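Start from the sequences and build out the full structure, keeping to the hints where you can.
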Amino acid sequence: MRISAVPDESPYTPLTASRLVGSPVTITQPDSGIPLYLAVPGFPFELKAPIISLRPAHNAVVIQAAVDRGVRVVLSVEGTLIEGKDRLQPEQANLRIELDGDRPRCEFVAATLHAVLGLATEKVQCQVPEIGLDLTMSFELSPPRLVSQMLRRRQLGYRLMVIERATGTRFTLSESVSGADAVAADFIYHALVDRSFVKSVAKPVVPARATPMWLSQLTPYDRVAFRKLGPVHIAPQLFGQPIALGPATVIIERGKIQRPAEIRRELELADGHPVDLEIQSCDGRVKYEFPEAPHLPANPWDPTVKALVDLEPKLADRLAERYHALAAATLADLTEEEKQLVTARPELTEDGFLDDHAREND
Amino acid sequence: MAIVPALDDTLLVLDTDVLTDWRYRKPHTQQAIRNYLSRHGRLPALTAITVFEALKGFEALASRLAGLDDRARKDLTATEELIQSSDVLPFDQKAAAIAAYSFARLSQSERNKHWCDLMTVAIALSHGHGVATRNQSDFERIGQYLPDSHPLLYLAIWKS
Chain C
1 MRISAVPDES PYTPLTASRL VGSPVTITQP DSGIPLYLAV PGFPFELKAP
51 IISLRPAHNA VVIQAAVDRG VRVVLSVEGT LIEGKDRLQP EQANLRIELD
101 GDRPRCEFVA ATLHAVLGLA TEKVQCQVPE IGLDLTMSFE LSPPRLVSQM
151 LRRRQLGYRL MVIERATGTR FTLSESVSGA DAVAADFIYH ALVDRSFVKS
201 VAKPVVPARA TPMWLSQLTP YDRVAFRKLG PVHIAPQLFG QPIALGPATV
251 IIERGKIQRP AEIRRELELA DGHPVDLEIQ SCDGRVKYEF PEAPHLPANP
301 WDPTVKALVD LEPKLADRLA ERYHALAAAT LADLTEEEKQ LVTARPELTE
351 DGFLDDHARE ND
Chain F
1001 MAIVPALDDT LLVLDTDVLT DWRYRKPHTQ QAIRNYLSRH GRLPALTAIT
1051 VFEALKGFEA LASRLAGLDD RARKDLTATE ELIQSSDVLP FDQKAAAIAA
1101 YSFARLSQSE RNKHWCDLMT VAIALSHGHG VATRNQSDFE RIGQYLPDSH
1151 PLLYLAIWKS
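Chains C and F, in that order, are what the protein sequence lines are. Mapping of the first sequence onto the working numbering: position 147 corresponds to residue 147, and the numbering continues sequentially without gaps. For any residue, its number in the working numbering is found by taking its place in the second sequence, counting from 1, and adding 1000.
Hint data in this document are derived by calculation from the structure and do not stem from the laboratory. Do not take every clue at face value.
Stated by the list, open to error - Cross-link-like lysine-lysine pairs, in silico, DSS-like; alpha carbons within 25 Å at most: (1) F:Lys1159 - C:Lys199; (2) F:Lys1113 - F:Lys1074; (3) C:Lys314 - F:Lys1074.
Said to hold, decoys possible - Some, not all, of what chain C presents toward chain F, calculated at C-beta under 8 Å: (4) Arg152; (5) Val309; (6) Asp310; (7) Leu319; (8) Ala320; (9) Leu326.
Just so we're clear, the structure is a prediction, and the values are computed from it rather than from any experiment. Just so you know, even glycine gets a beta-carbon here, dropped at the ideal spot from N, CA and C.
Given below as structure tokens:
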């Protein structure tokens, strides 16, 4: 499995304003660093981004502003030139997010901003007071699947940022992130943040050593038993780097050792060589404890990142509302009798034929 | 050969009954979907069987009414959009093997009544997912007959 993180074709598609109200803009080269303001009602978030460039084009102006390191917002405004061709009456606009960095933070910031704009149900305000730009825009809502993709990119970016800060590592995102790296990032993130967590795993592999301690710790070998194993040194590989998490304890409530006779023989060698233990968890859960894993600093984020992190519940709420509306629309126009028919479960009769009426929405 | 409770990290498919609850705007289902979205950044998946059931409902209506009017067509379009917004897990070779094992061990009446649930379980297991359902007992029955290759079915009970 591969999860595309930075694919060839950017997922950061332009957002086109379906309705726009704006006063005339003065087309002039502004002083370096003057800000572009972006406010999205419904989200506790306002963007103030220094302008990098303002480029006049035919009946248009393109403004690029730096949102964060490696992330730009590009506003294209088209309209009619008025008053001696140095003023533009806006008629159309689109906004897009551009990445020119490959760090997790770039991905986190860009995906968050794109998700916010894609979920904006109210009018977005964009201003550059120094040139008289004051646009009120309504964007077409992004398809929920695209927003969902943004939330996953955001989540992965954030987890990698946490791992970087806590462990002092540094990652660059290549064209795609493998499923194995995404799984490793999830595991390491929980080890650092939760420190004790339960995962649904049917057959965990525990790295042991052929020592007398392990030999005695694994009794009974031949039956299901409570297993508290450790200390275990688990250092998952993330983008080819082993991430040290300190000694861990692995707890399996009802664990059965796989290939017990073979494992016992290996441990009895007592020469310290590595032995991978495969243990079946009969209830499908494994608890991991990492009491000495590295910590995040007390205040790990600057105000920009913190503001974007705090948007998480709002983003989930807004996306859920979109999906709920879509699910409800699948029955919205039907009569009660039609709904019953449309949602009836198919059963086979004794003759083996489908019967639509057997389990109508039980 | 057991049913076990789904955990926060368990990827899930929606059983058709849960999908129906969601379409009926049941608050407990909406809350469960919202929580899942927050944890995973995506909807629970649908199986090809649930897609079959959802589309079959409209085909049954079309058959009865000799076609769909604008109202029903609008709701069918929304259904297709919902399906496209979801990950749809296919009934593949691995799922077929799981389904064959379980199907052969159920009674005739259980097969007749639960064949869609059985296919849902087989698809979920073959793709490393659990099932979100409100019909615990039906799935517990199927869970008694899982092959050694996939002995555990993670179940999330979503009901009020």
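Exercise for the section: Would you list, in rising numerical order, the hints stated earlier that this structure does not obey? Expected result: 2, 3, 5, 6
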